[in-house]
Amino acid sequence: MIISKIVTLNFIYFNLHAEEVINSNYIKDDKSGIYGDRLQISTIDRIAEEIDKDNFASKNIVFDFKFINACQPNLNRTVINIKNKGYKILLIDISKKLCEELAFDSIENSNNTLQGDIFTKFYLFENAHNNFTNIEIKPADIFYEEFKSTIKKYINPHSLPHSSSFVYLTSYVDMKKFMSYEKELLLFSIYKLAIKIKTKWQNEIEYGPILICQSMNSAFIVSILSTFLKLDILIFDKIGPINKLYNRLDNTISDKRKYIIVSDLVCLGTEVKIVKSLIQFIGGNCLGNVSLIKTETLKNTHIIKENATIAIFSIKRANNKELNYDIFTDLESL
Amino acid sequence: MSKVIIHISDLHVTTHTKSNGEINQNIESHLDTNSDNASSNHYLKLFIDKVKEDFDKVEFILLVTGDITNSGEKIEFEFALNHINKIISGLNIKNKNILIIPGDHDVHRRSIENELEINPTNESHLLHSVKFSNFSSFYKNLTQREFPADKIIINHINIENKIILLGINSNYKINNEGGKGFIPIESFGRELVELKANLNIENLNYIACWHHNFTSGYEDKNNGQWEADNRIHLLAELERQNIKFVFTGNEHTSCFKKISSSSISTSDCGDFCSIKYDSTFKIYPIQIGSDITLKNIIYALQKPNGNDFKLFWDIRNNGAAKQPETIDLYIENTQLIKDVDDALPHTSVQDDNVKTEKRIEEKKFYDNQLISTKLYNIVKDKKLYHSGHFHWSETSRAHNWIDVSKLLENKEDLYFVKNAIIDVIETFNLNINCDLIVGLGYEGNIISSKASIKFNIPYTSLPYSYRYNDHDNYEKKLNFENNDGKYKKVIILTDVVNDGRTIRKLIAKRADDFFKSVTEIIVVSIFYTGHQEINTDILNYNMLPEDYDFENDHEVNNIEFYTVKSLRVERCPYKKNYKKECFIYKDDLSCVHLFYDEKK
Chain A
1 MIISKIVTLN
11 FIYFNLHAEE
21 VINSNYIKDD
31 KSGIYGDRLQ
41 ISTIDRIAEE
51 IDKDNFASKN
61 IVFDFKFINA
71 CQPNLNRTVI
81 NIKNKGYKIL
91 LIDISKKLCE
101 ELAFDSIENS
111 NNTLQGDIFT
121 KFYLFENAHN
131 NFTNIEIKPA
141 DIFYEEFKST
151 IKKYINPHSL
161 PHSSSFVYLT
171 SYVDMKKFMS
181 YEKELLLFSI
191 YKLAIKIKTK
201 WQNEIEYGPI
211 LICQSMNSAF
221 IVSILSTFLK
231 LDILIFDKIG
241 PINKLYNRLD
251 NTISDKRKYI
261 IVSDLVCLGT
271 EVKIVKSLIQ
281 FIGGNCLGNV
291 SLIKTETLKN
301 THIIKENATI
311 AIFSIKRANN
321 KELNYDIFTD
331 LESL
Chain B
335 MSKVIIHISD
345 LHVTTHTKSN
355 GEINQNIESH
365 LDTNSDNASS
375 NHYLKLFIDK
385 VKEDFDKVEF
395 ILLVTGDITN
405 SGEKIEFEFA
415 LNHINKIISG
425 LNIKNKNILI
435 IPGDHDVHRR
445 SIENELEINP
455 TNESHLLHSV
465 KFSNFSSFYK
475 NLTQREFPAD
485 KIIINHINIE
495 NKIILLGINS
505 NYKINNEGGK
515 GFIPIESFGR
525 ELVELKANLN
535 IENLNYIACW
545 HHNFTSGYED
555 KNNGQWEADN
565 RIHLLAELER
575 QNIKFVFTGN
585 EHTSCFKKIS
595 SSSISTSDCG
605 DFCSIKYDST
615 FKIYPIQIGS
625 DITLKNIIYA
635 LQKPNGNDFK
645 LFWDIRNNGA
655 AKQPETIDLY
665 IENTQLIKDV
675 DDALPHTSVQ
685 DDNVKTEKRI
695 EEKKFYDNQL
705 ISTKLYNIVK
715 DKKLYHSGHF
725 HWSETSRAHN
735 WIDVSKLLEN
745 KEDLYFVKNA
755 IIDVIETFNL
765 NINCDLIVGL
775 GYEGNIISSK
785 ASIKFNIPYT
795 SLPYSYRYND
805 HDNYEKKLNF
815 ENNDGKYKKV
825 IILTDVVNDG
835 RTIRKLIAKR
845 ADDFFKSVTE
855 IIVVSIFYTG
865 HQEINTDILN
875 YNMLPEDYDF
885 ENDHEVNNIE
895 FYTVKSLRVE
905 RCPYKKNYKK
915 ECFIYKDDLS
925 CVHLFYDEKK
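Protein sequences, first through last, are from chains A and B. Numbering of the first sequence is given in my numbering, commencing with residue 1 and proceeding in unit increments. Numbering of the second sequence is given in my numbering, commencing with residue 335 and proceeding in unit increments.
Hints are supplied without guarantee of correctness; some may be wrong.
[To be verified] Label pairs and their calculated CB-CB ranges:
no., chain 1, residue 1, chain 2, residue 2, range
1, A, Lys-316, B, Asn-744, 36 to 42 Å
2, B, Lys-850, A, Val-7, 46 to 52 Å
3, B, Glu-457, A, Lys-97, 34 to 40 Å
4, A, Val-7, B, Asn-876, 49 to 55 Å
5, A, Ser-254, B, Leu-923, 53 to 59 Å
6, A, Gly-283, B, Ile-535, 49 to 55 Å
7, B, Glu-666, A, Glu-108, 27 to 33 Å
8, B, Asp-625, A, Ala-48, 29 to 35 Å
Since the hints were made in silico from the structure, they are not lab data. Cβ atoms here follow ideal geometry from the backbone N, Cα and C, with glycine treated the same way.
Kindly produce the complete structure, drawing on both the sequences and the hints.
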């Protein structure tokens, strides 16, 4: 399974660290989470197999090296094999040192861009006037477009009240169906969420905050985040034993640990607020909340940062029309 | 050139003259630090000559599994270096073919005590560089390599890309007061995975080599000289890493034993140079062909004590010593494809009766004692087995309950449980031709993630059938259509199964549109809490006991069931009259809990 492959009109994109994380944690049974930074031959071999299998129309490939700081020896052979099959390869965010170790530095292209010790672009071919060198590559945009076009398929007309807030929704995002049908993109999204969590709470992560799941979908997400971030979890079942039995919440929530609430989609955040209030009422400390998708109902400047949901995709003013997603009330517009 | 492993251990090179000039009267080893090396040299020569006599034109690999010295003193290591170098030069052993592992007697306790005087700590076993200071110098001088005191895997020898001898340090918990064998599991697993990745060779046969015995040939106890809990975890990890053989020393007894309830065997070569007791070593000639095997040759020191010659080495009879002639690392199985095919349940309708009979005869069930024991220990340690009166539905009541959500909270326990599920699936090849995995409830969703990713099988989830009404509609949709019978084999993963009523309800009522075209329904659970003897058939309606309450149940007979651990809970004996007769419920005597919303 390759999770990060994104096929665009002009190139095929692969995120090598994301693939390494899947390979080492799920195929090779390493327990390094997202903290490993060494690319293994078996990972690049799996990508090479995928390229052979798919026979893409585009012959341009982007390998994103972000977070890869070392490589298994002789790994360059597989990359060169792909190149020898007629593919034009662009390496992005690769360190100069790694380029040298892989003996790629002998390939010169005047479009290569070095910023500090990092090549933001390193072309594995010497023709400086190839069309590929004119294409702008922004991994965040590539992911955004891919996610947007995919999630669109799972947004259905709704027009019923929101399940936990007193508003109407024009549409409903069927996250469960998305998770079932788009497993690769789901895993890439959870990987990206894990990176965001690690970046946002760099210091707190060391003290092992606890990931809270509070829905069936978030249970699956939390299970994977626990592997990626090496964190404990807590099942916060609204109607289950945790709230009813032995006042167990009291015993489960510790004032010495911090908590991160994990959701699949945060619309108005009502459910998150309920969970957060319960945790704080018991004396727990809520670090924040994360979600795959959030709805930005306020302008950025109006959001209180500490309450903001960390997500890998936002439904917002710039895309809600395209996604056919809106929130409204029964009140008459003034 | 064929290759031969020489396995020696427990040399116990002992200080001959004490610091006050007194001769040590308690020397029990033929190898000591007497500046007149004549006796030690004679002993080594007997050994070298015998090996050379029996093995001509072979490449030797030398394995020394610890206790090279008696008390880790510098002088003992200086003489040990000299003694082992004689073996190396006498048998022309290449540097790359030497695997030396420390034992607890190679830990220098005085160095630890000195360090503690300056820097007191109650974790003196963690002073690795201090406790191995003398051993490290010896190791460097002998092998020209630095000794990695903080690592678990010290070194390895790759034998023709087929066998890996892993040198492992089992002295993690040894401190100035001694201690037992202990290997930190996570570090060991991580280092091994790294090594495997670096080697990047498929189908390697790993042999772990360390000092401490983890079963006994001499002492009448199963644990050997190993910390009990760590031993269970280690055995599970070895199983997981597919390591089937461990070469050890420490017990001063030549033996070969299979660890009960596991597929792991251990070979102890015995004490190399005991004056008082049995002295032995082993030689394992390697045979690599379509099969990969080691011959297990035991050499024992004969002590005729004649006036012309006192000692000689001779081969011991394996049969009489109750040890196998060969160690089978890999035996080509030409029946493999046929066996797998036979192991898969057959699906044709007309075979159903035959299939049922065959399964009963086979008594097929998951039986990895190491994994189920570890799971049970987590339940025990975390106190997750509760008593009270618990309801899962109007027809399902018990006086015990296992708190699985608490079990899954710790990341290590969660990792273990996910891998236990993987182990069940792999043991019975359940993933082959599987079309869909369904996780049940929050817990099922959590334990399923690894299986769904590792085997790359489509995945969805459903609520527990007794909680259906508590969930939103979108959570109750399976999202996969099966009108065309595309999904023939489905695995359902869940945390606990009792009598299977809720599973049958799910299949026959909640998601019957989908399941009516499914021919193989495999249910895998962490726990089975029911009362039947475990077998793959027990969740089928036709297999329910006569006294079962069949009311409101559903007739489903194509379920194949596997569980990691059977842990019975007691049913509430008052059946429908529980409200009047069950004193726990009636008088609120202990915890009374409903796992569903009665109002719905």
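Now the hints, each set against the structure:
1. A:Lys-316 with B:Asn-744: 36 to 42 Å: 38 Å, holds
2. B:Lys-850 with A:Val-7: 46 to 52 Å: 37 Å, violated
3. B:Glu-457 with A:Lys-97: 34 to 40 Å: 37 Å, holds
4. A:Val-7 with B:Asn-876: 49 to 55 Å: 51 Å, holds
5. A:Ser-254 with B:Leu-923: 53 to 59 Å: 30 Å, violated
6. A:Gly-283 with B:Ile-535: 49 to 55 Å: 53 Å, holds
7. B:Glu-666 with A:Glu-108: 27 to 33 Å: 51 Å, violated
8. B:Asp-625 with A:Ala-48: 29 to 35 Å: 33 Å, holds
When held up to the earlier numbered hints, the structure conflicts with 2, 5, 7 and fits the remainder.
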